[in-house]
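Novice: What follows is each chain in one-letter form.
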Amino acid sequence: MRKISIITLIFSVIASSFAIANEVNVFNARHYKADSELYSKFTNMTGIKVNLINGKSGALEKRIISEGADSSADLYITADAGRCGAMDAKGTLQSGLTSTAIKNAVPKSFRTNKWVGIAKRARIIYYSPERVTGAELSGMTYEGLADPKWKGRLVIRKSSNIYNKSLVASLIKNNGKAATAAWAEGVVANMARTPTGNDRAQIMAVAAGEADIAVANTYYLALMLSGKKGAEQQEAAKKVKAFFPNQNDRGTHMNVSCAALVKGAPNKANAVKLVEFLLTPESQEHFTNNTFEFPMIDGVSPSPLVVNNLGLDFKQDMKTKLASYGKNQAAAVEVMTAAGWK
Amino acid sequence: MRINFWHISSFIISLFVIIPILTVFSSFFDNTSNYYKILKDTFLMEYIFNSLILLVSVLILTFIIGTGSAYLVSFFNFPFSNFFKWALILSFAVPPYIYAYSLTAFFENYGTAYTILKNLFGEGNYNQSIPKFDGLLGVVLSISFSLYAYVYILARASFLYQSQNIIDLGKNLGFTKFKAFYSIILPAARPAIVAGLSLVAMETLAEFGAVDFFSINTLTTGIYNSWIAFDDLAFANQLSFFLLLFIFALFILENLSRRNAKYHFNTKAGFKQKQKIQLSGKKAFLAFSFCFLVFFLSFLFPLSQMMYWTIKFPENLFDLKIIDLLMNTLYLVILSSLLLIIFGLISNYGNRVNKNKTLNILSTLSISGYAIPGVILAVAFITFIAWFDDSVIKNLGFVSIKKVFIGSILGLVLVYFIRFYSLAYNGIKSGYEKINISVDESSYLLGYSKRKTFMNIHIPFLRNSLLFVGILVSLEIIRELPITLILRPFNFETFATTAYISASEDLLEAAAVPSLFLILIATFFIIVTSKYILRDNNE
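Top to bottom, those sequences are chains L and W.
All the letters of the first sequence, read from the start, carry residue numbers 1041 to 1382 under the working numbering.
All the letters of the second sequence, read from the start, carry residue numbers 893 to 1431 under the working numbering.
Hints listed in this document are in silico derivations from the structure and should not be mistaken for laboratory results.
Among the clues, some could well be false.
Each computed SDA-like pair below joins lysine to any residue, with the alpha-carbon atoms no more than 25 Å apart [said to hold, decoys possible]:
1. K1281/L with Y1424/W
2. K1382/L with K977/W
3. K977/W with E1397/W
4. K1268/L with K977/W
5. K1268/L with A997/W
Stretches of chain W that chain L covers, calculated by requiring three or more beta carbons in the stretch to come under 8 Å of a beta carbon on chain L [said to hold, decoys possible]:
6. 948-961
7. 975-988
8. 1073-1085
9. 1239-1245
10. 1284-1295
Backbone N, C-alpha and C define an ideal beta-carbon position, used for all residues, glycine too.
Work out the full structure, taking the sequences as your base and the hints as a guide.
Specialist: Following this line, the structure appears as structure tokens:
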């Protein structure tokens, strides 16, 4: 009798691990509270459980690759188009994000069949209005960051940062590798300090007078201004202004948080449903109001904090395909390292 | 050679622990892609240089802090000296990465230091004059203030058993206090101090969280990054090889430093209990200040910074599923320490009853897991399972076993086992060495079986050692980051992973709550068990 019950137990354990559960497995490199709120909302609406494994993009990608066809991953969600593109290049994604709902919501240059953008952010220039004149900034471009007039006045993150890799990848796509290599040397020569800290630390360095201009993503300033990070950071945020580069040519460099469909996803249909859900106006509004990103779809406006302080009417770079960020990642790392960008 | 249960199980344990180490070495000669050849050479020099600087600075700092404070509390009485005796080990509760968060939070532009200055002196531009502890300096401070306790504990234990006689000897020779310390006390404690420093060295080389937070490239993070950014496992393994060379060099240095000197202590006969010297006035104040400074910087400072943020941003407290995190952490702690203790016991007993050379060599090799950084062990484990699954299991026509080992509690606990096996093995071994072999012989003469000897005689004798091992392993697992991060299952977080993920996402404030709880739990563990850690009565 005891033996039988043990055998039954073993079988039920094995069976349960093969049973098809109503769930979707997300390898998640975005860790905003707003995201988990959206996932619970999705579960309440559809009954599909969202399983999360959180981590940094690199480690998550490696695990998906090592697990290969046996991976339990359905979706990979990360805050950089370059990472989605790189995963695609390694053949770990499958096409399937092709429903009309997705195609209608997301502009063509912000998606492929295998991954789509779910929220936008721009990588822009922050400056100190006390120390930088309008004339100096007029017509400013990313290319202009290498101009010797900024010598000792620029702060930017390390070259290992994914947002920098994607920015440099887009420059390689537009200007070629040789020109970008020369540009990277110019940028390194202009740095006010050895790169250190996150995007917010770059903005605060300008506020504190360590540098005159900084390169960072759009949502950080809104986050600081919101007061959610305390009075001091709010005070700091008021000392810097945002500037959108390349307004006279291709537009400001845009990046996305993206969701990618993993090859061999055991819950493919649920994964597509989750992506469609994230692209509904309600979810998009939730993103814009909490993470201060730009909406992916038309008809939703960014948070008032973003609109009032950064301005809305800027020209986004809609021409450079985001898929090129992934393709040029390796070249981007190469030119930055060769230039001595720490 | 007789094959029996004990023999086979020690053999299997040792073999299992060695697998990832062999994986690292086996791919050393794989070709790496040529594309990055030149870049790699630049990187390699940077990694080696940073690791060396880090290692040397941390060793100097932990030596000064650890030996200095141990000397003061062991030889002198001054205000609160009995409090500092155990308070100085509380730094164990603060892992280097949480120390790094605190340093940044306090000294960054518009950070806590700025707030304090503003509240004291009114508005002003203080940012420029606040020193910034980031980069390599930040890493050195974070690691040193967290790990000096290794040196402190071992040095103190050794000072404690120095007989009054040798100190009197110094007095008779007319030595000053400094000269006595320098030429008698310190050399006599050298093996203990070197042992402490070599633990610090290994932890420093293996450090991931703090080094990653300040984005300093050392051999360990280099290995991780080349695996991730360059997809180059072969280069990662070559770096691992250099790292292991470093570690072996350390082993050899430690052994050499012992070989030249022989240490004879007559612990029983001729041991004279030391008289602690009563300090007063300026000297007492200086001794107190030194110990307080160390205690403040290593424990109170990170604790209060994390508390301050938890109070300042209370919404983070309510967002966190504290009970879940606590249960997950305890689950891992209990499961792993039980496994480690059971198998550590079996292996030790196997070695005791079988005088066998191969087994001995295997056991010695198997304790090297502790020298290998967690990140590398986790990577090697995944590589090995993926290889084994693709080339053996699937070829035999079985279902894939990857999910059983990767992203499961089983896999996580197995890698903990490999990493911390040496702690368990050595801890139990030192306990076993105190049980004379004649005890076993008497027990056999009385007709006890091997099993009965083990259960009824050895285990009760080893109780304190087992408890000590349990505490050490638990503290390590509460703080453990890279293995947990890479191998944990879906929807499974610990305090350490939650803190790390928030911090890596620019949400340092949100990292404060899990960090605070981690510190509190570890502190609780330490206080409850401090008498076993300090082991005043070394029996």
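Novice: Now, for every hint given, state plainly whether the structure supports it.
Specialist: Hint-by-hint comparison with the structure:
1. Distance hint between K1281/L and Y1424/W is unfulfilled; the C-alpha atoms sit about 58 Å from each other, more than 25 Å.
2. Taking the CA atoms of K1382/L and K977/W, the gap is near 43 Å; set against the 25 Å cutoff, the hint is violated.
3. The hinted pair formed by K977/W and E1397/W fails the criterion: a straight-line CA distance of about 38 Å is larger than 25 Å.
4. Note on K1268/L and K977/W: the hinted pairing is violated, with a Cα-Cα distance of about 42 Å set against a maximum of 25 Å.
5. Pair hint K1268/L plus A997/W holds up; C-alpha atoms about 16 Å apart against a cutoff of 25 Å.
6. Judged by the Cβ-Cβ criterion of 8 Å, the region 948-961 of chain W is not covered by chain L as claimed, because only 0 of its residues qualify and three are needed.
7. For the region 975-988 of chain W, the proposed coverage by chain L is not satisfied: 0 residues have a C-beta within less than 8 Å of a C-beta in that chain, short of the threshold of three.
8. Closer than 8 Å: that is the beta-carbon criterion, and the region 1073-1085 of chain W has 0 residues meeting it against chain L, so the requirement of 3 is violated.
9. Look at the region 1239-1245 of chain W against chain L: 0 of its residues bring a Cβ nearer than 8 Å to a Cβ of that chain, fewer than three, so the hint is violated.
10. Remark: the region 1284-1295 of chain W is confirmed as covered by chain L, as 3 of its residues place a Cβ nearer than 8 Å to a Cβ of that chain, reaching the required three.
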